[in-house]
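Engineer: Those sequence lines, one after another, are chains H and E.
The opening position of the first sequence corresponds to residue 1 in this note's numbering, with each subsequent residue numbered one higher.
The opening position of the second sequence corresponds to residue 1 in this note's numbering, with each subsequent residue numbered one higher.
These aren't lab readings, by the way, just hints derived from the structure by calculation.
Since the model is a prediction, treat every value here as computed from it, not as a measurement.
Worth double-checking, as some hints may not be accurate.
[Unchecked claim] Cut-off 20 Å, straight-line C-alpha distance, at most; resulting in silico cross-link-like pairs (SDA-like, lysine to any residue): (1) E:K29 to H:D40; (2) H:K193 to E:K29; (3) H:K77 to H:Y458; (4) H:K193 to E:R33; (5) E:K29 to H:V272; (6) H:K258 to E:S70; (7) H:K258 to E:R63; (8) H:K77 to H:G93; (9) H:K258 to E:S56; (10) H:K258 to E:D47; (11) H:K193 to E:D34; (12) H:K258 to E:R49; (13) H:K258 to E:E64; (14) H:K258 to E:A73; (15) E:K29 to H:R192; (16) H:K258 to E:F67; (17) H:K193 to E:R63; (18) E:K29 to H:L197; (19) H:K193 to E:L35; (20) H:K193 to E:D36; (21) H:K258 to E:L35; (22) H:K258 to E:D45; (23) H:K193 to E:V41; (24) H:K258 to E:F43.
[What the hints assert, rightly or not] Covered stretches of chain H, as calculated for chain E (at least 3 residues, CB under 8 Å): (25) 294-305; (26) 326-332; (27) 392-403.
We put the beta carbon where it would ideally sit given N, CA and C, even for glycine.
One letter stands for each residue in the lines below.
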Amino acid sequence: MGRRTVSAPDATQAFGATALEAGEVSAVATSRGLAPEDLDVRLRADASSRTVVLVLFSVAVLWLLVGSIFGDIASIKLHWPDFLVQQAWLTFGRVRTAHLHAVNYGWATAALIGTSLWLMPRLVHAELKGAGMALVGGVLFTIGITVGIVAVLMGYTDGMEWLEAPRYAAGPFLVLGGGLVGLSLFRTVAARKAPHLYVSVWYILGAFIWFPMLYITGKWPTWSGVESAAVNWFFAHNVLGFWLTAMSVGAAYYFIPKVLGRPVYSYQLSVVGFWSLAMFYSLNGMHHLVGGPLPTWMITTSIVASVFMFIPVVATGINLHMTVVGRFGALRYSPTLRFVVLGALAYTAVSVQGSFTALREVNRVTHFTHWTVAHSHVGGYAFVTFVCFGAMYYIVPRAVGHEWPSAKLIRWHFNTVLAGISIYVIALTAAGVAQGMALLDPATPFEQSVIRAMPGLYGRTLGGLILTVGHFVFAYHFWIMLRMPRGVPRRSRPPFHDAQPVLYTREAAAAHGAPAQEATS
Amino acid sequence: MLPSSLIVIVATALFTLGAALMLIWGWRKGFLRDLDAQSRVIFDDRDWRLARPWESPAERAEREREFGVSLPADKGEWGGAL
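Based on the sequences and whatever the hints tell you, model everything.
Structural biologist: Next up, the structure:
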């Protein structure tokens, strides 16, 4: 009941969205070079997670837009302090916090949970268990994020960075929602039919074990004073490494080999990368408190742990990059690969940068400057968000049953977000160094440190606005995908095909004798 | 009087020791055996046989020798529809 019967010729459009009848599975599988049991497993896996994945992706895209606008407002206020000051809810302290919550929890977390829910059934060759439960969890999580951000805008806050959403308003929704999603994932793994657990499964399961521990620790209502600062950074740094990074790296370990059609360079390295992350990461957060009123040994231990991060980062970096080496041409054909590979490069970059930034000699310059904001955007955007985009370009067509309708919009999206984040990071990094040097110089008045950072702040706004344009392009494209009838391509001519690079230009099309209209549409 | 850093020490120890115990458990349960097969669990037969536009003729010939005749990719295979 409820299944749609799809004939073999339509299977291309129907694979992700529907299940086939038993007899057709065999026919379609044979025509596509798949063993019938392989096709059946894939169909059931994709169909089981379809609804919850699309709901979470839709929520994520909405929060991406809202978060981008909040981010732009906050950025403009840094060089135009009188901008939007008439309303309390639009003041910097609230808008900046709302931006952080919207993009980290509303966008990245929802997108990565959706990606994990789609990946897990495929990874373990089973249907998503408790898909309804996961859907309820996703809805509750979304309510929690919404309540938290509205509360922050109204002026209610718990006063800890990354944890501002009031614990008694948003907390129950987040805990219950996340718990239901996690339960669904663990039940799916328990019902696995795959003979082995792929490394992505470890990363995803790890994330769903670590995050509740972090959240409960961070939100425990008894911390105060210095203790509060220590717990704050224990949470804030670890939520990157154990939550966003874990799911993003897990996704990268799936999409890069899958698109390229070759296993990861060294599976042994992927095991080393995962377990060293699990064991060494948790003390890293204290390096945000270098110079603070905490025991020196504790800060030093954190710095040592940060340098230890070279082990998982180098292991993961080498592995992902060596998997792509010799296949960089594939990036022209695959939006997924382009985003995920660049995301993986950014992971290496931000991690190495983070290890060096933890050193006291570097930290004394960069601490309390815009450098830190640039650094966090390399991680949160160039790494995590790029992986999310790549994952969505791969998953959404398989969930709705038709391909993305416009290669041009994909190009616009990619080019704008790459340009935007490049401008943003370069401008703020330079501003941070200039600001830090000025702050260290006792002969330089404090105002000079602000003045020297101003060009970087303008660059930040410019980069942020370009990013926002890219996000609206992506959201529009995503909206078209959702509106198109399931399983029916809107256009007779595919916007990109296996033989036609997505970065195809009008000139290249003319050189190949292809109609320019098709090549650029 | 408990030190202000106690909670972070305890939480870090839990994370590290928990991971170590999980690693030992996974090792004993056999989750770290046959890593080569683990690395291939995400692929099905079609993945090995798909013709990829970035392949060189030599790479394609080698793949066909190992896995059989190439299969055409679907529209938007590499980030679009399946």
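Engineer: The structure should be examined with respect to each hint, and the outcome stated for every one.
Structural biologist: The hints, checked one at a time:
1. E:K29 to H:D40: Violated. K29 of chain E to D40 of chain H sits at ~29 Å, over the 20 Å cutoff.
2. H:K193 to E:K29: holds (16 Å)
3. H:K77 to H:Y458: Cα-Cα ~10 Å, so holds.
4. H:K193 to E:R33: holds (17 Å)
5. E:K29 to H:V272: This hinted pair holds, its Cα atoms lying about 18 Å apart.
6. H:K258 to E:S70: holds (16 Å)
7. H:K258 to E:R63: holds (15 Å)
8. H:K77 to H:G93: Given that 20 Å is the threshold and the Cα spacing comes to 10 Å, the pair holds.
9. H:K258 to E:S56: holds (18 Å)
10. H:K258 to E:D47: holds (7 Å)
11. H:K193 to E:D34: Holds - the C-alpha atoms of D34 of chain E and K193 of chain H are around 17 Å apart, at most 20 Å.
12. H:K258 to E:R49: Within the cut-off at roughly 12 Å; holds.
13. H:K258 to E:E64: Since the Cα atoms of K258 of chain H and E64 of chain E sit roughly 18 Å apart, the hinted pair holds (cutoff 20 Å).
14. H:K258 to E:A73: Between K258 of chain H and A73 of chain E the Cα gap is close to 13 Å, so the pair holds against 20 Å.
15. E:K29 to H:R192: holds (15 Å)
16. H:K258 to E:F67: This hinted pair holds, its Cα atoms lying about 16 Å apart.
17. H:K193 to E:R63: With a Cα-Cα distance of about 28 Å, the restraint between K193 of chain H and R63 of chain E is violated, given a limit of 20 Å.
18. E:K29 to H:L197: Judged against 20 Å, a Cα distance of about 12 Å means the pair holds.
19. H:K193 to E:L35: holds (17 Å)
20. H:K193 to E:D36: holds (18 Å)
21. H:K258 to E:L35: At roughly 17 Å apart (the allowed maximum being 20 Å), L35 of chain E and K258 of chain H satisfy the hint.
22. H:K258 to E:D45: holds (12 Å)
23. H:K193 to E:V41: Holds - the C-alpha atoms of V41 of chain E and K193 of chain H are around 11 Å apart, at most 20 Å.
24. H:K258 to E:F43: OK: K258 of chain H and F43 of chain E at ~7 Å, within 20 Å.
25. 294-305: holds (count 3)
26. 326-332: With 4 residues in contact (Cβ-Cβ under 8 Å with chain E), the coverage given for the segment 326-332 of chain H holds.
27. 392-403: Holds: 7 residues of the segment 392-403 of chain H have a Cβ under 8 Å from chain E.
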